[in-house]
Structures are given as C-alpha cells and as structure tokens.
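So the sequences go chain by chain: L and X.
Residue numbers for the first sequence follow the working numbering, so the first one is 1 and each next one is one higher.
Residue numbers for the second sequence follow the working numbering, so the first one is 1001 and each next one is one higher.
Any given hint could be a false lead.
From the structure, some residues in chain L lie toward chain X, with a derived Cβ separation under 10 Å [stated by the list, open to error]:
hint, residue
1, R105
2, Y107
3, V111
4, E234
5, I238
These aren't lab readings, by the way, just hints derived from the structure by calculation.
Ideal Cβ placement from N, Cα and C applies to all residues, glycine included.
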Amino acid sequence: MATGPQQKRKELREKRLKAEAASKGSDRRQNMGKIIGVAVAIGLIAIVAAVVVSMSGGDDNGGTKTADTINKDLDGIPQSGTVLGDPDAKVTLIEFGDLQCPACRQYAEQVLPEVIAGPIKNGKANFDFRQWTILGEQSAFAAKAAFAAGEQNRYWQFLEHFYADQGIEHSGYVTDDFLTDIAEKAGVPDIDKWNQDREDEEKWGAVLADTDAEASSLGFSGTPSFAIKVGNGEPQPIADTGSAESIIKAINTAK
Amino acid sequence: MSDQIQLLKNGIPTEVAIFLGLIVIASVAGIFLALRQGDERGERTLRITAGLLSILGLAIAGYVAYTSVILDQIPQCVGGGSGCSVVEKSQYSHLLGIHISILGLIGYVLILGATVSRTDYGRIGALVLSLFGFGFSLYLTYLELWEIFAICQWCVASAVTMAMLFAVNSVRAYSYYGLDELDEPDDPSPPAGKPGLD
Chain L
1 MATGPQQKRK ELREKRLKAE AASKGSDRRQ NMGKIIGVAV AIGLIAIVAA VVVSMSGGDD
61 NGGTKTADTI NKDLDGIPQS GTVLGDPDAK VTLIEFGDLQ CPACRQYAEQ VLPEVIAGPI
121 KNGKANFDFR QWTILGEQSA FAAKAAFAAG EQNRYWQFLE HFYADQGIEH SGYVTDDFLT
181 DIAEKAGVPD IDKWNQDRED EEKWGAVLAD TDAEASSLGF SGTPSFAIKV GNGEPQPIAD
241 TGSAESIIKA INTAK
Chain X
1001 MSDQIQLLKN GIPTEVAIFL GLIVIASVAG IFLALRQGDE RGERTLRITA GLLSILGLAI
1061 AGYVAYTSVI LDQIPQCVGG GSGCSVVEKS QYSHLLGIHI SILGLIGYVL ILGATVSRTD
1121 YGRIGALVLS LFGFGFSLYL TYLELWEIFA ICQWCVASAV TMAMLFAVNS VRAYSYYGLD
1181 ELDEPDDPSP PAGKPGLD
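Build out the structure end to end from the sequences listed, making use of the hints.
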C-alpha cells in the first residue's frame, strides 16, 4: 500500500499525464485538421485536372448531324424504299436498327458515314436499313413514318434527321408533331400522302413482323446488328462491326 | 432534368437498383458499427468495409476492362438496353488514350493498398484517392446524363462504390488520424504490478 508521500507523488503524476494527454489530443486535432485540409485540397485539384484533361483531350468524332451534313452524306446516292445505293449491287449490307436506339444513332453519326461514302456510294454494295423495333410501340410508330417517307424516296433522310433530333427512349417524344417535323426536314415532298401511307397498319405491321423474325433467326440480341447478303443468298451476320473499317472489310470480302 | 430522371429510370433496372441500395446500406451500417465500437475495433471495421468495397470496385472495373480492352467487345447491361454500348462508344470512354476502366482498376488497387495500411499515411492516402475517385465519378455521371444521354450500369455501380468508399474513408481519416501516435508507449513507467520508480 502506498504511503502518504508516495500517494501524493502518484496523484501528481496522474494529473501530469492527463494534462499531457489533453495537450497531445489538442495538438493532434489541430494537426489532423491541417493534414486533412491539405489532403482534400489535393483531391479536389486532381479532380479538376482530370476533368480539364477529359474535356480537352477527346476527339470530337461524332455529334449530331446538321441538315447540311445529312444532305452531303446522301447526295448523289440513289434510294429505293429502304435501300440506299445501287439497287443492282451484288452485295447488300443490312442493318437491323431501332430509331429510338441511341447506339444506332451513334453508329449513324460515327461509323456509317464512312461506309456510305465508300462502298455504298461507289456502287460496290447497297445498304438496307431494316426497322427492328425492339424498343416498343413508339419505335414501331416511328418506323411506319420512316417507311412512308421511303415511299417518296426520302427514307434515309428521314432516318438521319430522326437521329439528329432523337430523344430519350420511351420518353414519349415520338408524337405526330415530332414525326411531321422530321418528315418536313427530310424533304418529303407530299406530306398528305406521307400521312396516309404511314397509317397502313396491315402493310407495315407485316414488314415489322418479318424483320423481327429474320433478326431472331440470325441470332441477333440487340440493335444495331448487321448482316451481309450476296445476291439472292441468305443474309449472314457480321461478327465484327466495331468500326467502319471492319464493316467495309466484311463488304469487300463477301462471297 | 425530367429527361435525366427518365434516363435513370430506363437505364437502371430494378435488380440493379436493389443491388446498389444494398451496397449503400451495408456501407452505412459499417460506418455506424465502427463509430459505436470506438478506436481500434472501429477502425478495423472501417478497413474491412473499405476493403470489401475496393474489391467490389475492382470486380466492376475488371469486368469492363476485360470486355472492352482485352476482348474488344461492348460490356453488357443487365436486363438489356444500349446504355453501356453508347457510353463505351463515346469519346469520353478514354482519358489521354487510356480506357476509363483501366484508370478505375488502378484507383481501386491504390485504395485497397491504402486500406490495408494501418498508418496515418494509409488513412490520408485512402481519403485523397477516394475523394478523387468520387469526384471524377460524379463528373462521369454528369457526362452520361447531360452529354452522352445514356446510362451505363457499370459506371453507375462504380460511382456508387466510390461514393461509399469516400464516406468510409472520410470517417476513418477524421476519427482515427493520429491513432498510432496516441498508442505509442512513451510512458516511462514500468508495467503495472512491478516495482516502480514512483
């Protein structure tokens, strides 16, 4: 058992240790505040730097097409119904796409212009865009309007202008007014006839059903999917469609 | 803004939303448990939580990197949809020529390393890295919703994981910075029970 002086020394020591601990704790909090502040500042500066690099580093290789670009891309290429290019070309490139599909829009803006400017324009192949309306009723509504534009050989202009004004899938933007605006931008000469044609449910319903069956038989699971057909042969899926080069290669090597 | 909400509704199917919700709930539970446990056990709980989140992030970034960079294919969105494809094909999928998923992999590895470390360097390092990851994820999510107009579920899952890592590492740095320093045996007195100098 501690004697009187020992007890007193012990109490004094505990008091001193407590005071030291309190002082250390206070120093620690101050130190921590500074270090965490510096750390957060470094983190924020790194974020800003990364954002600046991201915004300035990317090549603008896409973007919404303007009316001028659309006209330039399609100028001088014959059209018949859903087919762009020489109707007698031996090879047919077939796209199974949906007008509401954003990936199809990106292909139309970033990949396909090179294909159209190459083998489609020079007559090596023609290009058939099949309306595979996997995104539902609004897609079918839009597809029928595109078919009706095709009746006046403005199908491809309609597709391109639709993509240029494409909204968010299923958001309800595909209205009569929207489609009429697209048809006018696409230069459909007779809007009254276009309105009549697009309401032919029986005709277009059958086309859509056939396309759906064909895409399924080819084993496709999403849009856009591409196939190639030589003469009257059966369409064959194109395995690599990641770039314009790979699609052009598929056209050039089709037998 | 309604377009962006619609985009999220379309792009994130229920099963993915539930999974992301579970990640958030588990992370928040980890934080509360750690705060209740106190010093050493609490920090251990936070480190385990951050470690699991880092491994989840590695799995997400690893899948996207493997699919995009090694297989040269498009990552598949759960429940279909073309959001992953659109984001993958956008100009924002690379930073300085490096695929974003590779940067994510590097980030998660570094955060995991900082989580394993029980020092103040580890605590502060994890905070800085996860703050950077969280901030950059926010920027990428902004790009998806306002610039690309498509939602990639893998990117959203990574953003949620980074947000939780930031929360966990913030608590760890704030509550446990200097823990080792306080534990240092600077008391010159001998262990209790032995004859003392006092």
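Hints, verified against the model:
Among the interface hints, the one on R105/L holds; its C-beta lies about 8 Å from the nearest C-beta in chain X, closer than the 10 Å criterion. Against a cut-off of 10 Å between C-beta atoms, the interface hint on Y107/L holds, since the closest Cβ of chain X lies about 8 Å away. Because the closest C-beta pair between V111/L and chain X is about 8 Å apart, less than 10 Å, the hint holds. For the restraint placing E234/L at the interface with chain X, the shortest Cβ-Cβ distance is roughly 25 Å, beyond the 10 Å limit, so the hint is violated.
With a cut of 10 Å, the hint placing I238/L at the interface with chain X is violated, because the nearest CB-to-CB distance is about 14 Å.
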